[in-house]
Every structure is written in structure tokens, then in C-alpha cells.
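4 protein chains.
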Amino acid sequence: MTQDFTIRTLGKCTVASPLILSKIEGDGIFDYIRDEERILYSTSLQKVQKDFENNDTPLSFERPGPKELLYFEPAKTKAAIVTCGGLCPGLNNVIRGLVTQLWKRYGVTKILGVQYGYAGLNPENQLPFIELNPDIVDDIHKTGGSMLGSSRGEQPASTIVDTLERHYINILFCVGGDGTLRGAHAIHEEIEKRGLKISIVGVPKTIDNDINFIEKSFGFESAFAEAQEIILHAHNEAKGAQNGVALIKLMGRDSGFIAANAALAVPDVNFVLIPEMDFCLDNPTTKNGFLNHLENRLRKKKHAVVVVAEGTGQYLFKNEKEIKDASGNTIHNDIGIFLKNKIKNYFSQKNMQISVKYIDPSYIIRSIPANANDSKFCAQLTHKAVHAAMAGRTDFLVGYWNSYFTLVPIPTATQKRKKIDIEEEFWWNVLESTGQAMHMK
Amino acid sequence: MTQDFTIRTLGKCTVASPLILSKIEGDGIFDYIRDEERILYSTSLQKVQKDFENNDTPLSFERPGPKELLYFEPAKTKAAIVTCGGLCPGLNNVIRGLVTQLWKRYGVTKILGVQYGYAGLNPENQLPFIELNPDIVDDIHKTGGSMLGSSRGEQPASTIVDTLERHYINILFCVGGDGTLRGAHAIHEEIEKRGLKISIVGVPKTIDNDINFIEKSFGFESAFAEAQEIILHAHNEAKGAQNGVALIKLMGRDSGFIAANAALAVPDVNFVLIPEMDFCLDNPTTKNGFLNHLENRLRKKKHAVVVVAEGTGQYLFKNEKEIKDASGNTIHNDIGIFLKNKIKNYFSQKNMQISVKYIDPSYIIRSIPANANDSKFCAQLTHKAVHAAMAGRTDFLVGYWNSYFTLVPIPTATQKRKKIDIEEEFWWNVLESTGQAMHMK
Amino acid sequence: MTQDFTIRTLGKCTVASPLILSKIEGDGIFDYIRDEERILYSTSLQKVQKDFENNDTPLSFERPGPKELLYFEPAKTKAAIVTCGGLCPGLNNVIRGLVTQLWKRYGVTKILGVQYGYAGLNPENQLPFIELNPDIVDDIHKTGGSMLGSSRGEQPASTIVDTLERHYINILFCVGGDGTLRGAHAIHEEIEKRGLKISIVGVPKTIDNDINFIEKSFGFESAFAEAQEIILHAHNEAKGAQNGVALIKLMGRDSGFIAANAALAVPDVNFVLIPEMDFCLDNPTTKNGFLNHLENRLRKKKHAVVVVAEGTGQYLFKNEKEIKDASGNTIHNDIGIFLKNKIKNYFSQKNMQISVKYIDPSYIIRSIPANANDSKFCAQLTHKAVHAAMAGRTDFLVGYWNSYFTLVPIPTATQKRKKIDIEEEFWWNVLESTGQAMHMK
Amino acid sequence: MTQDFTIRTLGKCTVASPLILSKIEGDGIFDYIRDEERILYSTSLQKVQKDFENNDTPLSFERPGPKELLYFEPAKTKAAIVTCGGLCPGLNNVIRGLVTQLWKRYGVTKILGVQYGYAGLNPENQLPFIELNPDIVDDIHKTGGSMLGSSRGEQPASTIVDTLERHYINILFCVGGDGTLRGAHAIHEEIEKRGLKISIVGVPKTIDNDINFIEKSFGFESAFAEAQEIILHAHNEAKGAQNGVALIKLMGRDSGFIAANAALAVPDVNFVLIPEMDFCLDNPTTKNGFLNHLENRLRKKKHAVVVVAEGTGQYLFKNEKEIKDASGNTIHNDIGIFLKNKIKNYFSQKNMQISVKYIDPSYIIRSIPANANDSKFCAQLTHKAVHAAMAGRTDFLVGYWNSYFTLVPIPTATQKRKKIDIEEEFWWNVLESTGQAMHMK
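Protein chains in written order, with the numbering used here: chain Z, 409 to 849; chain Y, 409 to 849; chain S, 409 to 849; chain B, 409 to 849.
Worth flagging that the hints you see were computed from the coordinates, not collected in a lab. A portion of the hints provided could be inaccurate.
Treat identical chains as interchangeable: a pair holds within one or across any two.
[Stated by the list, open to error] In silico BS3-like cross-links for lysine-lysine, where the CA-CA straight-line distance does not exceed 30 angstroms:
1) Lys826 / Lys518
2) Lys726 / Lys752
3) Lys849 / Lys484
4) Lys512 / Lys550
5) Lys827 / Lys708
6) Lys827 / Lys458
7) Lys826 / Lys455
Please take these sequences and the hints and turn them into a complete structure.
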């Protein structure tokens, strides 16, 4: 994996910023961010020290913030905002933050809202732009969802760039996840091919929190907070019956961040199962399978709480027959329902009476408004996105790493998805909390 | 249906109440409730007038409350509490309310908690009683679930009465729904057969709010409030996609009270489907089927919110094949998943691109703590249950009708389940709110 | 007190309702409400029986609902909505409910929103009307407050009627409390004097729930639910310190409904003090003053929770000196701060170390959105207000009594304020819950 | 300021850890933390680079975590937990986390809970220890407050060490703020003087988030989240009246972290006033005082939201007369009430009618349970506290810096309080959000 952390720019910055900040330390006024300011990738003294000893410069990210000189002249700048993919708490805060920062801090008053994701940039779909201003977005942060609507799926980059050209758009803010950001990069490449001066800004959105080089993305905390509430109450279901098992399936296709964070937040969770781990269900020999441990737990405490991420244990299905529903559609293997049945069958064979309560909150955890910390995060995130865009940065996204906001080239962030490293501290912290076996095999 | 509203008693009340109340109006002290105080069943002036003109006494309920003379002597009384069936917000408030009222107001200090429903009254299950007192229950109202645990299913009445006799229990509070209350009546009959003086008190619990002669049962408001939250956010999912349909399945096996009340509370709901209504899915002739109306809504507004109670439209399944899961278990027909597929297929045949977001909160709405109004209700309900029990009433439950608490004989309340009458005002109010067609056929 | 429950009408109804309802029982379609349908005031069998025996007709309210014939022709009707007085949860639900019922059910499409209360009906204030329609009000129920703004204070009835005439307004919905409703009646009298055909509709709003003949008004449950949350957490403050006293002041100028209901909802409350009760602070002789009881509680349990309504115990201040603040303004005597100081001084004189945590949530409990039950209530309430208005009723408000909506003449409802009768059951229920002495004197 | 980041230890670690972790990278098992692992203080590439160029080692913190060898033998170890100072969300999570980590991970089963802060370590106060175990703490995280109670104030270090000796306590976890931690250091010094081997562990608790070298302390996010809710609704009060001003006072004696973070989380805030800033109220010349800006805002937008931290602008009071209440107690100058009056007087002199709604949530924001992110934080924090204690570290606290947990010597952390640097990025982010003037003078 090449880790290129250099941010592309559209050209030289020559326009004085309307933000009257300082270049002097100690005058009580925030200083413009200088281009050379960078945030270290590693905070380990040993790692950084070793780099310097080897005459390597440690990995680092460009630090975003207000610049003394801009690339775009605010009065002549036109921006557009598009939100793509599934809903995520904070989308409306992001739209509101971008609009107010552009309008009130920089004086950019031509701002277009694109309807229903990239589809809204393809004229075939006949989705008119929404003209955005501070009044229109004034109250939207109080509601979940996206005021612009969203959609999945791609549109041809050339069509989108045609649209950007036709509407004289200078900056396009693409709010979305992995696929959206790859799409944004393709748009950037088409722009570059045509020699245009349009900035493509990625605002990373992933409810699974699985974008690389991004410690946390907006909405993730709100989502696992909602999951926490559900698990706290599910605990009542588990305790409400003899040998009660509350089984909660949470989002997380390729990574278990929501499940693992929710488990850390609710000490009542006894088992958390995530895509990053291999485990066996029932190992009669070692007694070290998940169901064996669940049996021990029930025999000892009479109830258990199990959290499973949706992408967990896909290998467990390989021997399962395809099931079809009434209309002939294949019912996809669902780890939640699969586990529910496996648990029931296991204890039924043992003649042990149990009661499984299966809970699948699905969209419930993603359609809520952003909580306080995410709202704050969205405010800061969007301010930085606008600063970088106005300074002519392009093909980047605004990241967050070691408590600092950063700039990351889109191709670098989308090379692969972030996952929980089960050898690293975070997963160990989860195990400390649940008390489950390190490996269930 | 015989509507016998006479409450049975164990015998003559001769013990002075420790509650020092009044028998004089206007002295600023609440008056003991006299045996003849009754609450009218109907509040319609016309109906009541007609009864009197026909020399009939209008239907009425006994009014519960503190009595001047008690049947049981507090110092010698032993009470037990059992919670049965599915969880419901407020169970812990009920347990707490019964314990504190018995202990602090009446001085009854022998109170047993039965574990895991009626199972805990069958010695075979080896579930010891929990000794209850105000300290043990002090904080339980802050948590959902039941501190005693619960279970479904019956135990032989004779075994239960053996247990009551063996433990010298004078009053058994049975907190549960239809089945539990029928069980309580069977226990009462066994007690009567044996000539014992044990009071059987029903505390009606039904998250579906479908017990007859009971306007509202505890926990119901909390449950539909939780449903409201989920629907409010589901609305964001509907609006977040082109032709987005949020489809939410709510509890309600035989009646649609949760679905209908939630729909009244969220004006964003466009269609609510309940077991009490007949409807057709797609009527190409009249264009008056549910899917036809859904199509109109989407063409006009581009999104829709649909709420369906779980027991709705069972007749729609009659032509469906049985489906089996991987383990060979029959997958029961689920109206939510059925509708999701029908909606998808309908619009797919019309080449109309839609996006269905299916949400099934299941246990999420019943494992929460009671909200404020339910907490208040539980306090009042349990106070009345204790007053009536101490006065030797038996085979009754504490009801609520026209804003007053009442006493209802258990057999009368369990003759049939309460349902929404689609010709009555409540359902009309729902239709006024959703704007859906009166009949979709 | 004359209890005239006859609703005035503008004239004969001759316009066919656009609502296609039924007049036949048993056809599965809701029936139009007939003019003679009435709801009994009392649900006591004995009281009603006695009335009939004396050949009196028992007190009753007109039942609101859709009528077969209307007074106003929808296409020609213009309505206006004004919200007055302090905020209350549900104001936006009321505005939304009126607008959608008028527009979608009746086809009334000329609806004006009056800004900032009655002030907006006085041209001097130059507050233009807001044109209301279903789109504008679509999302407002998700937010507390009033989208129209509000204000206290009167405007000359003649000026207001001039405005109504000038704008051809046929129906004015006045959402407000006691003062607002008296104002509405004055407007009605001016209208009558001029021989106009304008319907004046009161929608009762009182966070104190103290309007006469109205069991509960919208927003009240949301308010005491918010109070419940605050008290539940205040309990932690009380328990967090040795001899911790959490003292919470709640709204309630003339009546203690919020305080008493919140106390019933939170069994952790040990004392609730309301305007309707007389009590003495410290009675060294009887040991029956509030502070004497508080001392007992602390000695026994080491913590206490006290709830006081703001209008409580005004007679206690009569010997207090006036206090002025830095600007020379009189600091009004505040029962919360007064009690805090009295508690501190009492225990300081006893050399007993205590810790008082004083909490005054003030506006916090009234600026929130309506909860689920209030939202449902607002929907039903506004539907009925519109039905009655379209049928030419005037000078009335929509009440709620014994679980039914009613119509009440404004002068009857505003003759005096509703209060808690400390001899009646509700207050006794509160005492059962807190366990405080019946009288502290 | 000396910045000594070396953590003291009680002696050589010789006991094998019961945690079976790894020393090999890549085996899928978390590795023991080596003593030399350290976290950089600065993440600025430039600053760190400059240090290395100057042959300085950059500032860094010891990294906490499980060690291969322990100082204390678990079976013989006795721990005690004390919670001091004001309540803070998460106290119960901390108690629960310490107990379960000690008991379940390390096998330490002698754990004492100290009642009511340091007072519980002074035998004079006759406060018996509470024996703690996983069952007792099982549900406490669901409730705010501290199950142990708390108190302010010191006790003689020698008395406390006498108690520790008398009860053979090996580890004392002191959960508290600045004063508590200074107290902990004094205890440590007394222990050292006596040559004892007792570990003193600080768990930093500050609702103001103002402990030095600690990026965030537990409960802080929950507190500003509660503040966010209150401000969001206060916004409704501001908009509900003509020229409505919602003025919210939040905690923050010496620093404005809660106020500033809440303002970032609620974009509706127009002005935030904190102790770290100097501002003038009314400057008729420059028109750059707070009240001048407030006037502009009201003239333009008709409403405003103002947040003020309680410790703000103490210099403004210097000319105020002392006010005494009815009992002769001095009423302390309160910036909230002071501002409310100043705002009223200013606009009254300008004959501009406004409406100020003053909200002081006081204890409401600190007595709630921890939210999800704080709950997770408490779990990780307490795990690390236990690891470090078992490894014989003493006189330290567990910090958090740049997204990593750290160890900080107590004297270093308590040298001075953390404040918002108004020249740094965080305050600028707040200004970007509120849009208020950089300096109001």
C-alpha cells in the first residue's frame, strides 16, 4: 500500500481571505494555518524516534484550517453539495455547516443542493437543484436524514463533469462513503483530464466507521449510542426469562466497530461477534466454541446478552441451502436469524429450556439526529472542508486522526477499508469488558 | 355476553383500617370509599337516560379505594406477587407500588416475590421466593423488565393453591394478560372449592391494550411513545430516497391499538393497517387497493410511511406456500416481510423505482422503563389493587374506564378481547390523521 | 357559579359536509355526530341516579365531531390561527393539526397564521400574516415552541374585529390560556354586537392544567414527563451527599398539578408542596411542620426529595422584607429560594450538617416538543375544533372530560381556575405515594 | 512549570499476571505493554522534528495497559474506592469498571467502597465501608450519581493513612477533581514518609473538563450533551417571542469548556461568554460591546441565544453593591442574573421591547447517567487504572491525550487548571460557529 499523503491543489493561492486572522503568536487572535503544518500519523514516541534515527520523516497528514490566501474568489464562487449512500446521523448538520461556513464566513452565496445523490447530477433524472442559503438550512440539524435525499450507485463521471461545467460549479462537496469517494476521485480525474479548475471535496460518511486513516466519522457515535440504548433494554429481556438470551444484530458489513463500541459502552454484553474474528459455533472437543461458552454463561448466570455485527461469520453459511421466499426471491443468509436458530437447536438438543429474544434494529440506529458530540464534530469538520476547498485543495477528504482534523487524499483513504485489528488494544478493551474468551475455536 | 360487574368478596370486613381517613365531607380529609360507589360504564347522556326511562340501572363498575373496614388484619397478612407473560413497561413500577403500599400504608411486611411467572409457584421448578421489602424495590422503577422475571404458560391450579396454602399466603397479585388472568380465575375457583380465604387480584398487563372493559393498561403509552420515536425517524428514511417507503411493523396480534395510536401521534404516517380491518392489496379495477393508494401517494409526494400491526391481514397468506429455513423449521408468515415483498413486486412490475426500508422494532418497544404518565398510572393502579385486596375482594382486576379506576370481575374481563371498532370514533380519528381511504377494497 | 353548557351557534347549517360519513349503525362507517349527543359531567352512578330521581337532567357537555351539515362553505371560508401566552409543548402540533384538517379534510385553503399572539391582530404592530398550508407546517410538530410566535397581553377587541373584518376572516382559532380565552370571549361579544358571522374557537392551552371543566390540556403530560426526568436525576443529588436534600421548584402559579403529577410519577419524592395546601414550616410544639417532618426523614434515611410548586405558600412571605437587586429592582419572593434558605437555617440551628441542592428548571419543561400521548391528543383536539367551527359553533373551546372530548362555552370555562381539591381522590393518591403527613400544621 | 512525566512505582514487579497475553506480534493476541512505551505530547510534526534536531526528547506520557509482571499478588490484594466532590455522569460506571476489572480480570476479591468521599476514611465520621463485588455493582451504571455518595472537603492525610493501614488496604482509587487529587498526593506523601507500599491512583473527574494534560474527562460529553438539549429547546423560547433572548447559564467556574462545546454542538447559539475572555458589556463608542452586538442581532433576526459559563466576567461585579436576602445572607453575584438584568436595562433605556428567558439548569446536567461514549470511556479508563495499580504505579492518574490513554503524575496534573486558550483553534472553531466578534471590547 502506497501511503501518499500529499494533497493536490488547483493552483497558486492569490486571493486574500476575508477572515481577518493573525500571523503573530500571543496576540489573542487565531493564526492562519501555514501550508507546512502537519499532524503525525503515529503518536508512539518509539516509532517516531526510530523514523528520525533512520532519517525518515514520520508519516503525517496536512493540517486543515483557514489560510491567508485563497484560490477561489468568494464572490465568484459557486459550490454544490451532494449526499450519497445510506443515511447517517449528522447529514443535515453537514449540509448546514457547509452552507453557513461558505455563506457567513466566506461570502459565497451561490450554493446548490443536489437531490438524491449522484443521480441528481445526471440530467437524465430530471432532478432540479435546490438553492441553499442559511435560512433554508436553519433548522435542519434537529432532524435525522438528509434534506437533499440520497441514493446509492454511480453515474458516469463525464456526465457529472458536464453538469458541473454547465452550471459553472467550482466546488463539489461529496458527502459519502467508500463508493461515493471512489466516485469523487473519478470525477476529479475527469476534471483533471479536461484541465478544469474544480475542487472535489470528500466529506467521509460511514456509519460503520470503516474508512481508512479516519479515526472516527460523523454520526458513528450517535449510531452506537442508539445501539447502546437498545442493548440496555434488551438486557431486561434477557433477565426477564429463565435462561433468557438477548441477541442483537447491529450494522457492520465488513467491520464490527458499532458492535464493539456498543459492547464497550454496555458492560451487560457478554459476547460480541464481529466480521474480523473467526470463531466456531460448537466445538464438542475443546468446549471452546461460542455455543459452549454461551451454555456456561447460562448455567452460571441464567441470562446472556449477545451482540453480533451483520457481516460476521459469513463462512458459517457455506453449507446452508438457499432459501426462497413466497415470491421466489432468495432470502439472504442473515447471521442474526442464523444464530438465533443455531442457539435454539443447540439447547433443544441439550434439553435445556431457554428463551431467545432476537432484536434487529436495522435503520433505527441511523435515521436519528446527530447527538451533541457528533453535532460538534460536524461543525468542525465542515468548517475545515470549506477552508481547504477555498484554498484550492482537491481530491481530498477531511479526516480525523489522534484528535486532530486532517486532510487525506481520496485515493489513499479508499485503498482499503479500515477494520478492527484483533491483536490491537481496542479489541482487547472489548474483551476486558465482555469477559469473553480471546478466541472461540 | 353476560356482563356481570359484581365483585366477589371473601367475607365480612371487621378490621379497622390503619389509614385514618374521614367520613365527613368538607373537612379537608379524603373520605373512605363506600361500598355502593360505582362508576358509570357509559358517559352518554342519551344512553343513561334511556336506561332510567326503562327502569334499568345503567351498567356500572365498583369504585375502588380505601375502606373503613378491612377483611385482612395487616400484621397477620402475607402477600405474594407474580408477573407473567411478555415484558411490558411499568412491571417494576407495579411491583414497587404493591410492595410500598402494602408495607408503608397498611403495615403488611410479609411479601413474597414469585420468580418467573406461574412457574415459580410450582415447586417442581425449584424457584425460591424472593422476600420483598421497600429497600429491595427502591430503585427498580428506573429499569424496564421485571425484577421477578416472567414466563408464559400455565401451571396446574391445584399445584399453585397447594403452594399458597403451604406458605400461608393470603393475597396473590397476578400481573399479566388474558392467559394469566384466566389462570388467576382458575386458581380462584380451586380456592373456593377448598373453602379457603385467599384473595386473587388481577393487575391487567397487555402491551396490546386489548383487555375488555379496560380503557388503557399500564405500559401501553410508553410502548406507543417508543413506537412514535421510531416512526418519526423512519420518516427520514422515507424522505431520504426517491419514492422511499418506510414500512414499520408494530406489535398487535389481534388488535391494532399500538399501530393506530402511534399513527395518531405521528402525523407523518400515511397508511396504518390493523387486524380489525379487511383490505385488498391490489385492485386493478377499483384502484382502491392498498398498493394502488400507495402508488398514488408516491407519484404525488415521492415518499410514504406505512405502519402495520403484526396480526394484520392473516387472510392474505392463505395461498402462500410454507417456507422452511435451513434447519427445516417453518418460517411463519410475517405480514411485515410479506408486505415488503408485495410492495417491491408491485412497483417492479410497474417499472417504478422505489426504495423500501423495512423496520421491525420487536422487543425494543416493550423492554423500556415506564414513561411519566405510565409511572403515575402504575402508582394509582397498585394502590387500588391493595385497597381492594385488603378489603377482601377477590377474583377481580383493577380496571380503568372513562378516566376512573374500577373493579372488574376477572371472568367478565376475559370473556373476549378488546378490539378497535372501525365504525367508532377512535378509528375515524386515525383516518382523519393519515388521510387514508376509509376502506381499501 | 352558573354552569351554562349550551354552545352558541352562528346560524342554521345548510352546507353538505365534504366528509362522506354515515347515519347507519353497523355499516363499518363512522356516523355523523348528531346535535343532541352529550357527554355526562359526572360518572358517578349515585349522582346521576339522584338527578333523574329529582327529575333533573344531569350536567352534560355537547359532544364534538363531524356534522352532516356545515355552516360555512369550505371553498369560501377563511380561517386564522393565533397562539398566545407562554410556550407549551404541542403548540406546533395544534397549528399543524388545524391546518391539515381544514385543508385536507374540508378543503379550506385560505388559512392565515397570526404572528406573536393577539399583537399580530393589531395593525399598529406591523406584523404581517403568514399564509399557512400543509407544506409549511409539515415538519413543525418535531420542534417545541410555536412557529407563529406568541405574546402575552391584550389588544382592544374592536381593533381585532376590525382586522378580522378587513381580512374577511370567518373563523379565528385562539390557542391560549385563561387570559387568552377571556380575550376571545370579548372578541366574540364585539362580533355579536356588530352582527357578524365569525366563529371564535378556543383551543385551551395551559401548562398548569388549570382551566375549569377540562380534565387535561395539551402539553401538560409532556411537561410533567420532563419534570419527572429532572426529579429522577435530582434523586441522585439527594443520595449523593450525607443528608442530601434535593429541592425542585416546578411551574404552577395557582395550582400544583405539575408538581403533584410529577410526584405521583416519581415514587422517590418525599414531600410535595402546592398552592392549594396550607402548611407551617416549623412547629416546635406539634412537631408537625414541614421542617420537622424533613428532619425525621433525614434522620431515618439520610436523604430527601422535595418538590414545590412556584405558587405555594405565598402567606409565608408576609413578614419578609422586600429585597432589591443591584439595579434597584425588587427581587420577588421566590418560594424555592425561600425554602432553600429556611431549610439551611433550620438545620444549621440544630447543628445538623445537610446539603441542599436547589433545582429550578423553569422554561426547560415547557419548550420541548409534545410527547407521543400529547401529540395524539393535539391531533384529536384540533380535528374537533375544526368540525365545530365549520358547523358554526362559536364562543366555545374544545374540552376533555372523563376521556371524551367536549365543547364548553368560553365564559363557563373561564369563570374560575381549576385547582386540586385536597379532599378529593387525586391528592390522596399523591399522599399515598409520597407518604407525607395529610396536614403539616 | 516543571513538566515531570515520570510515574512513581512502589517497587519491582515480580508477580506473573493472570492475564495470559502475548509478547509476539502477529499472533492475534494483544501484547503486554512494555514499560518504555510512551505517547507523544505533541502531534505536530514540526514541533517533534525540532525537538529531535535539538537532541531533546519530545515530551511524552507513559502508556498504560496490562503488564507481564505485577507488583501486587491479586489473592492478597485489598483495594478501596472513594468518590469525592460534585456529581458527574459516569461515577457509577467508574465504580463498576474498577470492581469488575479487579475481580474478574485479576481475581482481587477484597474491594471496599468508601462512603461520602474522604469523610468515609476518617473514623470520626462513623461511616462503615461497603463491601463491593460484581453483583452489587451490576446495575449501577444505569443510574447517575455515585452509589458510594460523595462529599467535598479534606481530611487529614495522616488520619486517612491510619485508616488504610488499619484495614490493610493496598490500593486506593481516588475519583475526583483538582482538590481530591491534591488530597491524594498528600496521602501518597504520608504513605511514602511511613515507608508503606500502598498505591494511590487518581481517576480524574471534572465536569468542567479543566484538569491539566487531560484532553477529556469522563462525564463531560454527557454533561454538554444535556446542555445541548436544553439549548436546543431554549432556542424555541427565543423564537417564541418578539425580540426573544434565551439566556442559558452553564457550569464552568474557571473555564468555559461546557459552554463552548455546547455552543459548537448547537449552531443556534449566537453568543457564548466564558471566563477565559474579557469583554465589555456596552461600549457606546466602538459599538463593540456584547450588548451592542446583541442589539444588532435582535434588530436583524428578532431573537438570540446567549450561553454564559458561570465563572464568566467576575470583574464586571466590582462596582456592584452587596445584596442580602431575607435571612441576612449575602446573595452572591451571579453572572446569569446579572446579565439578565443588564440586558433588560439596556433595552429598556433604548425603548426596545424584548423578552428575556433566563435558564439555569444547574445540577440537571450533572446528575444524569453517562451517555454511550462516556460509558465506553469509563470502561477503558478504569481498566487502565487497575492495570497500572496492579503493576505498582502510584501517585498517578489515568489521563487521555490525543485519543490515547496516558499516565500522568498527580503533581504534574494539578499544578494548574486547564483553560481554553482563546488564540488556539478550538476557540476559533467556536467563533466560526456562533459568528460572534472575535473580541467584544
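Results of checking the hints against the structure:
| no. | hint | result |
| --- | --- | --- |
| 1 | Lys826 / Lys518 | neither (36 angstroms within a copy, 41 angstroms between copies) |
| 2 | Lys726 / Lys752 | both (20 angstroms within a copy, 28 angstroms between copies) |
| 3 | Lys849 / Lys484 | neither (63 angstroms within a copy, 34 angstroms between copies) |
| 4 | Lys512 / Lys550 | both (20 angstroms within a copy, 27 angstroms between copies) |
| 5 | Lys827 / Lys708 | neither (33 angstroms within a copy, 43 angstroms between copies) |
| 6 | Lys827 / Lys458 | within (26 angstroms within a copy, 34 angstroms between copies) |
| 7 | Lys826 / Lys455 | both (21 angstroms within a copy, 29 angstroms between copies) |
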